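Engineer: Chain by chain, the residues:
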Amino acid sequence: MSDLPTYVLERVFDAPRELVWKTWTDPKLLPRWYGPNVKTIVHRLELKPGGLWLVEMQWGGKSNYQRVEYTEVTPPERLIWLHSSSDADWNVIPSPMMADWPRLLLTTVTFKEDGGRTKLRLTWVPHEASAAEIACFSAAIDGMGKGWGAGMDLLAKLLAELQA
Amino acid sequence: MELTSYTTKPQNLDAIFAALADPTRRSILSRLAAGEASVNEIAAPFGISQPAVSKHLKVLERAGLIERDIDKQRRPARLKAEPMAAAVSWLEEFKKFWSSSFDQLDGLLDVLKKRGAKGAGNE
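Quick mapping for you: the protein sequence lines, in order, are chains A and B. Per our numbering, the first sequence starts with residue 36, numbered consecutively. Per our numbering, the second sequence starts with residue 181, numbered consecutively.
Just so you know, these hints were derived from the structure itself, not from any lab. The structure presented is a predicted model; accordingly, all values stated were derived computationally and were not measured. By construction, the Cβ of each residue, glycine as well, lies at the ideal position given by its N, Cα and C atoms. Just so you know, not all the hints are guaranteed correct.
[Unchecked claim] Taking CB as the label site, the calculated pair distances span:
#1 B:K276 to A:R67: 16 to 22 angstroms
#2 B:A297 to A:D61: 15 to 21 angstroms
#3 B:P231 to A:N72: 47 to 53 angstroms
#4 A:L39 to B:I250: 51 to 57 angstroms
#5 B:S234 to A:R79: 51 to 57 angstroms
#6 A:R152 to B:D202: 51 to 57 angstroms
#7 B:A297 to A:E45: 23 to 29 angstroms
#8 B:I228 to A:E107: 42 to 48 angstroms
#9 A:D49 to B:K235: 25 to 31 angstroms
#10 A:W125 to B:K252: 25 to 31 angstroms
#11 B:T204 to A:D61: 24 to 30 angstroms
#12 A:P84 to B:G296: 27 to 33 angstroms
#13 A:L39 to B:T204: 40 to 46 angstroms
[Unchecked claim] Only pairs whose alpha carbons sit at most 30 angstroms apart, straight line, appear in this in silico DSS-like list of lysine-lysine:
#14 B:K252 to B:K275
#15 A:K63 to B:K275
#16 B:K293 to A:K83
[Stated by the list, open to error] Here are some chain B residues the structure puts well away from chain A; computed CB gaps all over 12 angstroms:
#17 A198
#18 S234
#19 Q253
#20 R255
#21 P256
#22 K275
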């Protein structure tokens, strides 16, 4: 598609595609899995191109807001959206964790039927990103396992020792 | 989940990620994970010039990933693990968010499937 760094996450779910699709698009079901060990509140979910999914996650007395704008909704095959951090008024903001994290991540989720199971593929690509955002995202992907190999294992071991 | 745990010095994380974006610099870090080394010792296996290695070391030093002795003649470079720990733990949290969410989705799908089968049996 492009030379932009792409983060890919794949997972097979032991459930029919229509059901998996439902868990990604039903505002009652989404909070039951999205966000581990946090309270997830769906403030809005408009399942159509240009529609918004506004989600708040609460933990330890703090709130974290995410703003999602759908660009494609093709049931039960594909969802595409722009993912961003937001303030409490749902304005797009830089990631509170890292200034150079891409503000907008074009997120594509595809659902493939596979003998009663569902192959899910999630990809993230920086959208309208600055060079710094692309570099940051690219480094993050490397850190997630690509290209580190034995070096990463060594570092992980070292870090474990130092933190023990 | 301790999302708050990696909020320490985010601006420094950016420098760290920029430094880590280069495969040669990552290899240098791997080499240093095995112990401190001089520019000569680092350059040998990479087949790149000493000035090139020195440049990479400067980037790593600015990011706070390594430290170098000023006094000694050979100025060995040494890995500084703390900032690296911050970067790695940020990525770990990120990864964990999705894999834990997917674990929860697995559980939810099980519940929904059972409920669906029950409903079908009643019809």
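Engineer: So, for every hint listed, does it hold in this structure?
Structural biologist: Hints versus structure:
no.	hint	result
1	B:K276 to A:R67: 16 to 22 angstroms	18 angstroms, holds
2	B:A297 to A:D61: 15 to 21 angstroms	19 angstroms, holds
3	B:P231 to A:N72: 47 to 53 angstroms	49 angstroms, holds
4	A:L39 to B:I250: 51 to 57 angstroms	41 angstroms, violated
5	B:S234 to A:R79: 51 to 57 angstroms	54 angstroms, holds
6	A:R152 to B:D202: 51 to 57 angstroms	40 angstroms, violated
7	B:A297 to A:E45: 23 to 29 angstroms	27 angstroms, holds
8	B:I228 to A:E107: 42 to 48 angstroms	45 angstroms, holds
9	A:D49 to B:K235: 25 to 31 angstroms	51 angstroms, violated
10	A:W125 to B:K252: 25 to 31 angstroms	56 angstroms, violated
11	B:T204 to A:D61: 24 to 30 angstroms	48 angstroms, violated
12	A:P84 to B:G296: 27 to 33 angstroms	29 angstroms, holds
13	A:L39 to B:T204: 40 to 46 angstroms	22 angstroms, violated
14	B:K252 to B:K275	41 angstroms, violated
15	A:K63 to B:K275	24 angstroms, holds
16	B:K293 to A:K83	26 angstroms, holds
17	A198	6 angstroms, violated
18	S234	20 angstroms, holds
19	Q253	27 angstroms, holds
20	R255	22 angstroms, holds
21	P256	17 angstroms, holds
22	K275	6 angstroms, violated
The structure is inconsistent with the numbered hints 4, 6, 9, 10, 11, 13, 14, 17, 22, although it conforms to all the rest.
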